[in-house]
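Enquirer: Listed below, chain by chain, are the residues.
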Amino acid sequence: MRTICFYFQVHQPYRLKPYRFFDIGEDHHYWDDFANRSIMRKVAEKCYLPMNALLLELIEKYQGNFKVSFSLSGVFMDQMEEYAPDVLESFQKLVATGHAELLNETYAHALSALKSKEEFHDMVRAQQEKIKKLFNGYTPKVFRNTELIYSDQIGEMVSELGYEAILTEGAKHILGWKSPNYVYCNAIEPKLKVLLKNFRLSDDIAFRFGEKGWADWPLTTDKFVDWINQIPQEEEVINLFMDYETFGEHQWAESGIFEFMRHLPEAVFHHSNFTFSTPSQVVAEVPPVGKIHVPVPISWADEERDLTAWLGNDLQDEAFDRLYELEPLVRQSQDPQIQKDWKYLQTSDHFYYMCTKFFSDGDIHAYFSPYESPYEAFINYMNVLSDFMLRLKKEQKNIVSE
Amino acid sequence: MKVLMFGWEFPPHISGGLGTACYGLLKGMSHYDHEVIFVVPKLWGDEDPLADFVNASDIEIDYREKRFKEIWKNLTYLEISSFLVPYLGPEEFSKFTDKSLHDGTDVDESIFANKFSFSGKYGKDLIMEVSRYALVAGQIAKNKEHDIIHAHDWLSFPAGIAAKRLSGKPLVVHVHATEFDRSGESVNQRVYDIERSGMEEADHIIAVSHLTKKTIVARYGIPEEKVTVIHNAVLDTSIISSIATKKVPEKIVTFLGRITFQKGPEYFIEAANKVLKIDDNVRFVMAGSGDLLNRMIDRVAELRIATKFHFTGFLKGDDVDQMFAISDVYVMPSVSEPFGISPLEAVRHNTPVIISKQSGVSEVLTNAIKIDFWDIDAMADAIFALLHYQGISTMFRQCGSEELKKMKWEHVAEKIFALYEKTLTVTQP
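Residue numbers (numbering that gives the first Met the number 0), protein chains in the order written: chain A, 0 to 401; chain B, 0 to 428.
Calculated directly from the structure, the hints in this document are not laboratory data.
Only a predicted model underlies this, so the values are computations on that prediction, with no experimental measurement involved.
Where is the CB? At the ideal position from N, CA and C, for every residue including glycine.
There's no promise every hint is true.
Stated by the list, open to error - Just the calculated beta-carbon pair ranges, DEER-fashion: (1) A/92 to B/248: 45 to 55 Å; (2) A/212 to B/200: 33 to 43 Å; (3) A/161 to B/320: 53 to 63 Å.
As the list claims (entries may be wrong) - The calculated lysine-lysine pairs, modelled on DSBU-like cross-linking and capped at a C-alpha distance of 30 Å, are: (4) A/392 to B/245; (5) A/92 to A/116; (6) A/140 to A/339; (7) B/276 to A/114; (8) A/339 to B/143; (9) B/250 to A/16; (10) B/245 to A/393; (11) B/246 to A/16; (12) A/132 to A/114; (13) B/246 to A/339; (14) B/168 to B/143; (15) A/396 to B/315; (16) A/114 to B/273; (17) B/315 to B/26; (18) B/276 to A/392; (19) B/414 to B/41; (20) B/250 to A/392; (21) A/396 to B/273; (22) B/404 to B/369; (23) A/396 to B/276; (24) A/393 to B/250; (25) B/250 to A/396.
Given the sequences, and given the hints that come with them, work out the whole structure.
Expert: As C-alpha cells, this is what we get:
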C-alpha cells in the first residue's frame, strides 16, 4: 500500500492584552477579547469555513477515498465555541463523515511535556474530555504533541496514556540517511508507532506554494504527483503535516491554494498508485521498519527543528521556569478561573513571541507575533504572571486562615 | 534691563529637560521688572506667555547685511550634512540616516532661503537647523534692542555668538549639560567644538552644578573665574498628595528616566538583585525608554528576577505622577547628571530618594541618601534601609519638603540678574 496522510494542526492562542505594571494587583482579566475574536473571525472567513466546506465536498465526492486528520487545540475549541459556532458546526460535520480523524494533544497547546508529567497528563485528559463533549463522544487513538515536539521520553509518556501512535517531524538530524516515508516505533516503548513528517513536500505546500521566487513556482497538482511518483516504490507513507491556516490565511486564496487542494485527489487517483489514509489507518496497515532514536527533543519549527523557538534564551527560560514553579500552588487552588488562566498561560505561543532568533526564521516569528519585539512580549507576560502569582498567594492565605 | 534669550524648546513641546528649565527660569524672571525676549526655533502657539516670544521660523533674513556672510563662514565647519543626532538610540538613528541618505537637498540654498521652517526637534537636520538658527539670531539681534544675550546649551550657542557679533552686547551661555554627560568619553567632536567656541566667546558662563563647572574647566579649558554655579530649582515646591493607591502588597522601588548610559540603569538592576535575595516583599520598577532598554530586560531575565522587576516603557503626564505616588523609594543612579530634576519631583510626592554623588542635584538636596553610582552594595543597602527603617524615611519626608521650599526659580532668576549686572559692568564700563 502506498498512501498519503494529511494532518492539519488547528490552533489559535488566547492572546494577552497589553497588561501594564499599573494593572498588577487590580485587573485579573488578561485576555485580549477584541483581538482574539477578530482574529478568529478573520481566519474563520478566510480559512476554516471555506476549507472545511471544500474538504467536506471532496470526502463526499470520493466517497471516503479522500480523507484527512486534524488536531484542534483545546484553546482553539474554546474560542470556537465563544466566537465561531459556525466553524464548530462545520468541523462536527466533517468528523461525522468518519473520514476526518481527530488526534489528541495538550489542551492548551502547551509545552508541559518538557516540564511536568503530571501537568502533561492532566492537559491530555482535559483535551480528551473536550473532544468527547464537542464531537459526540469521539475518542482519539493517535497523539500529536504541541508543535510536533517529540523525544523518546515524551513518546514513552504518550504510550503510557494508551495511544497507538504519535506524529512528529522527520528532522534531518534525527533521520540521517533514513527516509521519513516509513512507519517507525518509539525507542523505549516499541508498541508506540511514530509517523514522521515529510518536511520537503509538506513545506512545498505550506510555505513555498505562493512564493513567486521559488524555482518550482507555480506548484501544480501534476507537478506534485510527478514528485511523489519519483519516490522509491518501497517507501510507502508520505506524511503531509501542516498548519490548517496554510489554506487561505498563510497562503491566500489568490495564490490558488484552494484550487490546488480541490484537484489534488483526482490527480493522485489518476496518475499514481497512492491512496489517502488517516494516521490510525496507516499504523493499522503499515508495519514499522524499526526504532527511531530521539534522545533530545525535536519539533517542526524553524530551520533547527528543535525547541529554540520557545525555550533557550533568558527571556523564555525565565518566563517558563517562573510559570511552572506555580504548579503546586495551582493544584491546591479551588478557583475555576485560576485553573483556566493557568492553562491559557501555558500556551506555547507566549514563549514563541519571546524568541530572539532574528535571522533565518525571524520573519515567520514576526508574522505570528502581536508584539513589536520579543522584549515587549516578555514584559507583558511577566506583568500578567506577577498578577497571577498574587492571586494564587491571596487564595492560599484565605485557605490557611479558614 | 532687556535680555535677548535663545532656547531650543519650550513647554508643552519638549523632549528633554532643557525646555522645562527654560520655562522655570522665565517664570522666575517674570517676578522682576526686566524685559525678556525669548527665541525658539519653532513656536506652536500654546506656550505660556511668560516673555516676548519670537518664533525663529517667522524671521526673514536681510541679505544686504554683510556680516551674515562672515557668520556663515564661521559656521561652515558645522558640516551640514552630518548625521549628528543627539538623544536618539541606535535604532532611531539608523532610521534617520536611511532617510537623509535619500534626500540630498542643496544645503547652502535652503539655509539662505528668506524664511526657514524649523522643526524645533532633535531630528536628522539638527546641525542644519542650528546653523540656520544662528543666522536668524543675527537678524533678531539687529532688529530688537537688548542689553545682554543669554543662550541655553550648545544648540543655541551659535545663535548667541551670531547675536553678539551683530549687536556687540555681552553674551552669557548657560550650560545645562555637556557632551561628556551625554556621551561619556566618546564625545561627538562637532558638538564639542560648538560647545567650546560658545564657552570661549561668552563673557560669562552659568553652570547648573559644581559638577558641571568642573567639567567645563577641566575638559573645555575655561578659566574657573569665568564660570558661576547657579543651581536649578523646582517649578512648584508644594507637596503633592496623590489619590493614586498601590494595588500590590509589596513595597515599590522606582527608577524613572531615559534608559541610557548616562542614567546608570544597570546599577539599579544589580542593586535590585541584591535586595531581592534577602527581601522578597519588594517590587522594582524601571520606567522609561531608551537605547539600553532591551539590554536591561535581558539582564533582568538572566538574573531570574522578572516577576519582581517590572518595566513600564515611556511614561507621561498622569502616569508619571502615579508612578511617583506609589513608590516607596526613588533611585537615581546616574553616571553623570549635570543637575537632575526628577529626585525633587519624588520629594514632592513624599517619596524618599537615593541619588548618585555624580549628580548636580546631590549638591543641593541634603535629605537624600547619596551613593556612588557604581557602588551597588551601598545602593542595595540604602534601598533596604529606606524600606525597613521607618526613622530615616519619615525624617526624609519631613525635612525634604522644607528643603524644597528653598529651591524656587525666582531665587535663580535673582542670581542671574545679579550676574548680568556684573557682566555688564565688566564688559561695558
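Enquirer: When the structure is checked against the list of hints, which entries are broken? Sort them ascending.
Expert: 2, 5, 8 and 15
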